[in-house]
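*Asks:* Read off the chains here:
2 protein chains.
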Amino acid sequence: MIRIGILGYGNLGRGVEYAVEANEDMELVAVFTRRDPASVKPRTNVPVISADDAEMWKNKVDVLILCGGSATDLPEQTPAFAKLFNVVDSFDTHAKIPAHFAAVDAAAKATGHVGVISVGWDPGMFSLTRAYANAVLTNGADYTFWGRGVSQGHSDAIRRIPGVKNAKQYTVPVPAALDAVRSGSNPTLTTREKHTRECYVVLEEGADAAAVEKAIVTMPNYFSDYDTTVHFISEEELLRDHAGLPHAGFVLRSGATGANGENKHIIEFSLKLDSNPEFTACVLAAYARAAHRLASEGVTGCKTVLDIAPAYLSAKSGDELRASLL
Amino acid sequence: MIRIGILGYGNLGRGVEYAVEANEDMELVAVFTRRDPASVKPRTNVPVISADDAEMWKNKVDVLILCGGSATDLPEQTPAFAKLFNVVDSFDTHAKIPAHFAAVDAAAKATGHVGVISVGWDPGMFSLTRAYANAVLTNGADYTFWGRGVSQGHSDAIRRIPGVKNAKQYTVPVPAALDAVRSGSNPTLTTREKHTRECYVVLEEGADAAAVEKAIVTMPNYFSDYDTTVHFISEEELLRDHAGLPHAGFVLRSGATGANGENKHIIEFSLKLDSNPEFTACVLAAYARAAHRLASEGVTGCKTVLDIAPAYLSAKSGDELRASLL
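Taken in sequence, the protein lines are chains A and B.
Under numbering that gives the first Met the number 0, the first residue of the first sequence carries the number 0, and numbering increases by one thereafter.
Under numbering that gives the first Met the number 0, the first residue of the second sequence carries the number 0, and numbering increases by one thereafter.
Same shape as in the complex, but just chain A:
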């Protein structure tokens, strides 16, 4: 059995708890938290340990799955905990991956651990598709679409506007843009042409709806480059109709072969997820298995999904995989 620890018991941590149960060769041995351990109540009967006492669990946890956020938690936590454990995280700030990789690599190599970073669906499974598709179709163009699904960052941005009590924002790919890519015409698409944004907003008592709507649709970076629609709804409607965290997305590569590029090819990968955190947790669990195996082979340092052969993710042997899946 691979002994798994979780650091951080929010939506993602709860998802990992389910994912460990769904993998017969794994057991959850502890949840670590920076909060008061008595305040954290896991669904299963697993001990809750203060993150400050993690070092005492050094030899009782094979892989620690880090379930914090990319903005402030993981840049500190992943290198720090890679000194004690093999670790897996879902660091998703694309532009900062090289720096995060270097920090985790140094910590993990110095202490003989494996750290797998940026595991999830984007980065993660979408990165795999981009890497395979680029290696295969060297002459082509890449496209990534997100949605329809909830963007936590955009929902948070709306909630920070004065007069907003609560909000959910859906990112939606434009069907005509997806169709144009699938046609093989290698279109050049602007930000506005690729996605629209749908906002469901609950106002504070007495707030000015027109002012809130204007603050949303003109917000730089988040909304001003998109066609954005704002729907004002009651808190009851928000909780009833928008409680989930669904997400989805598409990665496509369109390429050409032959003497004059006359033969067109489309590679498409897509996900449709009822629960973004529960699916991300499943990817983390599979790469926790890989981290454990790599560490067992004496590998150390930081790895990403691009550095790990697919067979390392599976509980099946090479013989079984070749006979059943290849």
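By construction, these hints were calculated from the structure, which means they are not laboratory data.
Be careful, since some hints might not be right.
Claimed, not checked - Here are the simulated distance ranges between beta carbons:
{"no.": "1", "chain 1": "A", "residue 1": "Glu296", "chain 2": "B", "residue 2": "Gly257", "range": "31 to 37 Å"}
{"no.": "2", "chain 1": "B", "residue 1": "Lys164", "chain 2": "A", "residue 2": "Thr228", "range": "56 to 62 Å"}
{"no.": "3", "chain 1": "B", "residue 1": "Gly257", "chain 2": "A", "residue 2": "Thr110", "range": "32 to 38 Å"}
Source: prediction; values computed, not measured.
Idealized CB from N, CA, C, for every residue including glycine.
Starting from the known structure of chain A, arrange chain B on it as the hints suggest.
*Replies:* Frame of chain A; chain B shown alone:
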């Protein structure tokens, strides 16, 4: 530069010739053939060598890409040539992969080479999707659909019927079946419910159309389990409208997470290819790079796509991949 050799100059060999040109770190150094070398005319100015003289090229070819068929060529050729070269093949008889793996592994290990087998799209890129998707969604069901595209095996089967001069057969996925899978309902689908078969047939002078049609639609294994339509056309129409070798396909995994499997997730990978052999050739070229790198690291023996980390396929460095693709 990675020095590539091709064995067999049919549709697939011609595709590899294009693929090598599309990879800046590769050069084609020789085409090997079992035919009279004088009868083989590559599109580029590459020497054509008798397969019997391949041993003289042992130190002039880094990777030999085998472009023969799975029925009789590759079971003999891949183990034989793995004694002389690092090799890559597209062996696609799923049921015989374990035996082929064992034969290539023994030959390659004994002589210090790498042999990568079953490279292409199915087995190949579809296998990758099945492996990743199964490792991530442990609780779920797999579906593979092929088409719309030309099945060479089914076209050949029709051509063997007395009275048939020429034929092309298209395998077509049933849209309602694909939609049912995408809905997350995990349907149980019969062979007939998943695919239909469309046949375009040129008759010999004076042949009995009704008898030919009956021979096709009742043919065991190939057609009797499917809804098959037969269109009789002229040779001119066949050459004009059905000259290409397009293909396509879909791999889906439908899974569930949460306390009672209440959250559904769909992973879908699809290909739409104008030229099946040219695309397969692109995948072979990417894995030729991987074979060369693995051999340079001292790895020996047989590998499949499941054993090779994605970064090995790319001409880019780890730093570049993390900064640009992850």
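*Asks:* Give a verdict on every hint.
*Replies:* Okay, the hints, checked on the actual structure:
no. : hint                              : verdict
1   : Glu296(A) / Gly257(B): 31 to 37 Å : holds (34 Å)
2   : Lys164(B) / Thr228(A): 56 to 62 Å : holds (60 Å)
3   : Gly257(B) / Thr110(A): 32 to 38 Å : holds (36 Å)
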